[in-house]
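Asker: Protein chains in written order, with this note's numbering: chain A, 1 to 154; chain E, 1001 to 1724.
Errors might be hidden in some of the hints.
DSBU-like cross-link-like pairs, simulated, lysine-lysine; straight-line CA separation at most 35 Å [what the hints assert, rightly or not]: (1) Lys-40(A) <-> Lys-1261(E); (2) Lys-113(A) <-> Lys-40(A); (3) Lys-1648(E) <-> Lys-40(A); (4) Lys-1502(E) <-> Lys-113(A); (5) Lys-1502(E) <-> Lys-1648(E); (6) Lys-1713(E) <-> Lys-1648(E); (7) Lys-1713(E) <-> Lys-1502(E).
Rather than coming from a laboratory, the hints here were simulated on the basis of the structure.
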Amino acid sequence: MISLTLNGEPRELDLDPETPLLWVLRDHLGLTGTKYGCGKAECGACIVHLDGEPVNACTTPLSETQGRSVTTIEGLSPDGRHPLQLAWIIEQVPRCGYCQPGQIMMAAALLRKYPRPTDAQIEEAMSRVLCRCGTYDRIRHAVHRAANPEVQNG
Amino acid sequence: MAELGSGPLLSRRGFLKVGALAGGGLVLGICLPCRAERAGTAEGASSAPVPKDLPALAPNAWIRIHADERIELVLARSEAGQGVMTSLPMLLAEELEVGLDQIEVVMAPVAPIYSNRLLGAQATGQSTSARDAWTPLREAGAAARALMIAAAAQVWEVPPSECRAQRGRVHHSDGVRSLSYGELAATASGLTPPELPALKSREAWTLIGTSQQRLDIPEKVSGAARFGLDVRLPGLLFATLYRCPAPGSRVRSWRAAQASKVPGVIDVLAVRNGIAVLADSTWAAMEGRRRLEVSCRPASDRSLDSRRIRSRLEIGLTGGSAVARRDGDVSRALESSAQQIEAVYEVGFQPHVCMEAMNCTADVRADRCALYVPTQAQEEARAVASEITGLPRERVSVHTSLLGGGYGRRLEQDFVVDAVELSMRARRPVQVVWTREDDFRHDYYRPMTLHRLRGGLDAEGRVIAWFHRVVGPSVLARLRPGEMHDSIDDFMVEGAADIPYKVADLRVEYRRADTPAPVGLWRGGGYAHNSFAAECFVDELAILAGRDPLALRRSMLGDSPRYARLLDRVVEIARWGETPRTGRARGLALVSAFGSLIAGVAEVSVEDGRARVHQVFCVADCGQVVHPELVRGQIESGVVYGLTAALKGEITFTDGLVDQSGFDGYPLLRFDEMPEIRVDILPSDADPGGVSGLAVPVVGPAVANALRLLTGKAARSLPIRLSA
Chain A
1 MISLTLNGEP
11 RELDLDPETP
21 LLWVLRDHLG
31 LTGTKYGCGK
41 AECGACIVHL
51 DGEPVNACTT
61 PLSETQGRSV
71 TTIEGLSPDG
81 RHPLQLAWII
91 EQVPRCGYCQ
101 PGQIMMAAAL
111 LRKYPRPTDA
121 QIEEAMSRVL
131 CRCGTYDRIR
141 HAVHRAANPE
151 VQNG
Chain E
1001 MAELGSGPLL
1011 SRRGFLKVGA
1021 LAGGGLVLGI
1031 CLPCRAERAG
1041 TAEGASSAPV
1051 PKDLPALAPN
1061 AWIRIHADER
1071 IELVLARSEA
1081 GQGVMTSLPM
1091 LLAEELEVGL
1101 DQIEVVMAPV
1111 APIYSNRLLG
1121 AQATGQSTSA
1131 RDAWTPLREA
1141 GAAARALMIA
1151 AAAQVWEVPP
1161 SECRAQRGRV
1171 HHSDGVRSLS
1181 YGELAATASG
1191 LTPPELPALK
1201 SREAWTLIGT
1211 SQQRLDIPEK
1221 VSGAARFGLD
1231 VRLPGLLFAT
1241 LYRCPAPGSR
1251 VRSWRAAQAS
1261 KVPGVIDVLA
1271 VRNGIAVLAD
1281 STWAAMEGRR
1291 RLEVSCRPAS
1301 DRSLDSRRIR
1311 SRLEIGLTGG
1321 SAVARRDGDV
1331 SRALESSAQQ
1341 IEAVYEVGFQ
1351 PHVCMEAMNC
1361 TADVRADRCA
1371 LYVPTQAQEE
1381 ARAVASEITG
1391 LPRERVSVHT
1401 SLLGGGYGRR
1411 LEQDFVVDAV
1421 ELSMRARRPV
1431 QVVWTREDDF
1441 RHDYYRPMTL
1451 HRLRGGLDAE
1461 GRVIAWFHRV
1471 VGPSVLARLR
1481 PGEMHDSIDD
1491 FMVEGAADIP
1501 YKVADLRVEY
1511 RRADTPAPVG
1521 LWRGGGYAHN
1531 SFAAECFVDE
1541 LAILAGRDPL
1551 ALRRSMLGDS
1561 PRYARLLDRV
1571 VEIARWGETP
1581 RTGRARGLAL
1591 VSAFGSLIAG
1601 VAEVSVEDGR
1611 ARVHQVFCVA
1621 DCGQVVHPEL
1631 VRGQIESGVV
1641 YGLTAALKGE
1651 ITFTDGLVDQ
1661 SGFDGYPLLR
1671 FDEMPEIRVD
1681 ILPSDADPGG
1691 VSGLAVPVVG
1701 PAVANALRLL
1711 TGKAARSLPI
1721 RLSA
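Sequences and hints are given; from them, build the entire structure.
Answerer: Structure below.
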């Protein structure tokens, strides 16, 4: 039995502790916002927060969440209005949208560490998540927008 | 995307009751996104409200008006990131006189009215959606608007000329009376549809030409968006297939003893495409598959090997071929040239790499079959499911989810075959998931091609002869054999036979050279390989002539204001006339494709033996723009897609196997490799041209042409290989 906090709620999961967190979320908990892209921590589509730190859910076994706190895209905000989500909408970032939960979660972790990140800090962090549709430039604008309250007017 | 199969309430029954439509069968809709209250999650599903069982007015197959004021617009093309979910409803809404905030988008079922005339089937791809929809959807909106006005005129007993439609209401010219479309629906349903009115003039547009907020974005940002992999149905099983890794090879024997022991695995079955593991979760299916013991027969054709394929193609560089275009007498013109040059270009295999790997969910019952699938080809999916199940087509429904990328890969039906077969055998709904390795290994690749070009200049440095032979497998031969003509595959010669330049003596040939590699349609079509060769060759001719590549192109385009304007603008924004910074060079390319034009300039440098692209400037003339930000976005997107293929990765084969099976072997362009991209769209009154694939063919040659200036050597391969 694994006990964790998931999106702010305590959970007890009677599942094989070796199951990657990605599949626990998607197949057992109905949280399909976190995506499967490669299963090998190479693409970043599955990034979630473990105690606030970005991790690839596809290579994080459930056992690693014991006693810890997991946040997924569904839990980033109660209503889809996290500053990053608002910024993503204002900048019209997503195209196919498949990688975007991973992008947003990575950006959220970045902003926790660097509330006003430089371009170099954004680049270093966000290079961890691949986007086949090439939305990188809009992502950069959206991160700056979310980070700068004076600029925010969503 | 809410409602799609979530919880016990599938909404199918509710929608079935909406009723028959004029012009084409039952509409089974999936709200995408749905403004109706959402059903619970799969875990805590509660009874969610059913869409009201009120008959909707359907003035045509594209519009449904409910008495409770809901207005639904039907989308017949797949939303794969290109924005059709917004741009196509804009066409309907403009003429219907409703705002996008007043409508919901519903995915179309399969029906003849929803066919894409440019593709000959209900399908999405090849940069055709806006072009195909431009007039019919506006006409559908206008027809419905006229019907609403006629209904109001009848209610008020006034002439229609005294009535005006705006924001979903009809207003009388007395400035007092108005009725909503919902209020008018009942009256309208009893009327004979009036004559189609004139479409709105450009000056009257409130939506077309504006960058409306995309309707799919809020859900893509909240995590609620439902892609194919996110479909959940009661009793759903998950499956993944072991496919023999060598294309063309088949299973000889297999043992499931270890696989069956994995908790959650329910069954292991031999199916058409391999050995399937059925389980109660995706992970269990994948774990089960890992423990399968399978032995495969070798492929009948053992020559799936990049070096052997290249040799086979090389043979095709000379000898007989089909002629795609013949103007004048190029042989004689070459003979009389003052200078000549010949070059061979090589363009490698490319994978599609959708971020969402292939998948399909099928629910096969005794008397019906439902597909929930990220497909680009709904009509064919239905046909395949009908064939496998033996059910008539009318009993097969196709529910299109959001697509995590398409790029032509989801025109194929292999994942549909997997799911339908398994659901039949399991008698349960089954979701077949491909792993990333499967997605790389079992793709239908952009074909490898070789190109032999010859060009001749006269004494004044003018291009007087142009010869281009394309050598490669045929994509059409498998996909649409009826469209081959005189041994020509139009996909393989587009970008070669229709270059924008005017050369009196010109010949374009196609030598079909099949290889064992599976090939298919890829973003940018034939332009993606042919334009590379043609545009690099133009620069080589410029060097031979001692002329600036821009000036040479202008002289070859003849008197064309459209091209002149395009080149003028790209030259301006790219500062072509100014000397670039030390260590940098600029390259130019020009492509006419899909009814649009694009000019691209890339500014690059070479660092540590590798090309680095700093800036890409694109100017596009794509006719009337429905949604400027979507167009800009597709061009940015095409640049990135094309840059990966130009600089970062390709597909190679060794001894029957694909060498690349993940992002380590085929690295996509990353955030920190993204150039600055500037896109200008030229205003135009012409009908819309295609955009989604437009930038892909222009960026490779622009980069290659820049690199040539830096290295002194022609880059004659794509991906571009800089010699040490």
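Asker: Taking the hints in turn, state whether each one holds.
Answerer: Going down the list of hints, with the structure as the test:
no.: 1; hint: Lys-40(A) <-> Lys-1261(E); verdict: holds (24 Å)
no.: 2; hint: Lys-113(A) <-> Lys-40(A); verdict: holds (25 Å)
no.: 3; hint: Lys-1648(E) <-> Lys-40(A); verdict: holds (20 Å)
no.: 4; hint: Lys-1502(E) <-> Lys-113(A); verdict: violated (58 Å)
no.: 5; hint: Lys-1502(E) <-> Lys-1648(E); verdict: holds (34 Å)
no.: 6; hint: Lys-1713(E) <-> Lys-1648(E); verdict: holds (19 Å)
no.: 7; hint: Lys-1713(E) <-> Lys-1502(E); verdict: holds (27 Å)
This entry does not satisfy hint 4, going by the numbered hints stated previously; all others are met.
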